[in-house]
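Engineer: Residues per chain are reported as follows:
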Amino acid sequence: MSNDELLVEASDVVLGYERNIAVKASSFTIPHRKVTTIIGPNGSGKSTILNAIAGVIEPLSGEISVFGRKPGGRHSEVAYVMQSLAFPEGTPITVREAIAMGLYPKLGWFGRPSADDRARVQRAMERLRVTDLAHRHLDELSGGQRQRVYVAQGMTQRHEALLLDEPLTGLDILSARTIDEIIHSERDRGHAVVLTTHDLDEARAADWVILMSGHVVAAGPPAEVLTRRNLETAYGLGSLHASDGDFLDDPHIDGDHEHEHSRHQHPH
Amino acid sequence: MDWFLEPFLLGFQQRALIGGLAAGLMSSIVGVWLVLRGMSFFGDAFVHGVLPGIAAAVIFGFNPYLGAAIAALVMVGGIELIHRQTALKEDTAIGLLFVGMMALGVVIISKSNSYTGSLTSILFGDIFGVNAETLTAMLVLGVPVLVGSLLLYRPLLALSFSATKAKTLGMNPRFTHAALLVLIATAVIASFQAVGTLLVFALLVGPPATAALVTRTIPQMFVISAALAAFTVWLGLVLSYYWGTAGAATIALVAIALFFVTLAVRPLFRQKEATT
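In order, the protein sequence lines correspond to chains R and C. Here this note's numbering is used: the first residue of the first sequence is 1, the next is one more, and so on. Here this note's numbering is used: the first residue of the second sequence is 269, the next is one more, and so on.
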């Protein structure tokens, strides 16, 4: 794989918040134009990796580059979709305005949206099936509807890569199916998609997998990464009961995010 | 003679109205962000926190705006220091600085001969003592507060989601938060001479909170909040004239009363909307 086909290249990168290390020294790559899933137990550093790719946090040591550059910045071409549980309670903001926020990196503080920009917002609303919710408030939506709004915001942002933090966890069928379609159509358009998950099936269906356990245990194609040996390393011996289902840990006790998820099998 | 013109016939009454309107306008606009960002306790602490600076200025004879600005900086610096060096939540840091600065202010004032008078005028203002000089200062400080509150629309909206979201949208959350603190401090400093530090708070929180009850977008909230603030100041002065009560305190009382009246009548309008 040539370097210009890489979304992320990390060497000996250590990630964390202030003095707390969340991801110990890890080296890995993430390919461009592919769907990559990041899987691992609670608190294993999945979201931290996304934060580093988005440039929200800087490495404590080591190096990480996105499209060969330092991550982050207004023109990073990375759209980061947050979890549906996070929303500004009490702020009067409509679905349309929330989605149009995806234009901010292009428009800055004062730029006026062009007709093209407005069309982009409209298209994103249609693709995520939220057009009829345009004038609703964010706090009037279900978790699934809000997740679709946030993905639409990411689609509105000019991007080459889409980062999704547990986009399919706890969603209704329509929302999960809609977002799943987006993930695949993004790849078809030549964009990279990186998502975190608790679902082994989602990980298996991806093009590339990063297995986490406080560091990157393995990164590569699913068949090479999701071996019994690797999974036992990540989740501990005896934690894996392949016949029991596809969840490797309990999403109800989520150390990464401290909120509840309901179990969900999404259609792959 | 119209009953509502009579309270504003004299020059000092007109200056009180203009000063009150200026304080109400800037406080109610920047107050929208204060309310939306859930920073009311910070705002409360802030209006008390400037007390020692103003008190020192009054007693040692330097510019009270400068004194208030220094006190505001000490306050924010102290909160930031606690936040960085300890695991304590922000409201604890705010509380510590709040009571500390307030106490320091009272200690400084207690050294003066006119203890009660100075304290009362700083806390509750002297709206009928507003002169041309005060009005000029309000104008000079008020315009940047109004313009800044509107210019920060996108970064503050992004920040209302989270600092992470704001950062990924290229909206610089650290600068935005600092800029909002400066705007709040400026509104407090510009207004305290007219309505007093305590009652600036009523105008910072009252009209925006009332507006939040009846609006569905932030731009609507700005408009309604500013209109409510203007009405509050006018009605407060009219009532204080006829009742013979303290001007600034009456204004503050009107601001809070309007909130509860709106809260009480809101269900009636909702029912009407639902049935039509």
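Think of the hints as simulated: they come from the structure by calculation, not from any bench. C-beta atoms are modelled at their ideal positions from N, C-alpha and C, and glycine is treated no differently. Check each hint, because a few of them may be wrong.
So the derived label-pair ranges between C-beta atoms look like this [claimed, not checked]: (1) Lys24(R) <-> Ala525(C): 26 to 36 Å; (2) Asp201(R) <-> Pro412(C): 54 to 64 Å; (3) Ser380(C) <-> Asp139(R): 41 to 51 Å; (4) Ser11(R) <-> Val411(C): 50 to 60 Å; (5) Gly111(R) <-> Trp271(C): 43 to 53 Å; (6) Phe330(C) <-> Trp109(R): 29 to 39 Å; (7) Trp109(R) <-> Trp271(C): 45 to 55 Å.
Engineer: A separate judgement is required for each hint: does it hold in the structure or not?
Structural biologist: Results for each hint:
Between Lys24(R) and Ala525(C) the C-beta distance comes to about 59 Å, which lies outside the given range of 26 to 36 Å. One distance hint, 54 to 64 Å for the beta-carbon pair Asp201(R) and Pro412(C), holds here, with the actual separation near 56 Å. Checked against the given bound of 41 to 51 Å, the beta carbons of Ser380(C) and Asp139(R), roughly 50 Å apart, stay inside it. For Ser11(R) paired with Val411(C), a C-beta distance near 52 Å keeps the hint of 50 to 60 Å intact.
Between Gly111(R) and Trp271(C) the Cβ separation comes to about 50 Å, which falls inside the hinted range of 43 to 53 Å. Roughly 36 Å separates the CB atoms of Phe330(C) and Trp109(R), a value that falls within the hinted 29 to 39 Å. As the Cβ distance of Trp109(R) to Trp271(C) is approximately 47 Å, the hint placing it in 45 to 55 Å holds.
In this structure, only the earlier hint numbered 1 is contradicted, and the remaining ones agree with it.
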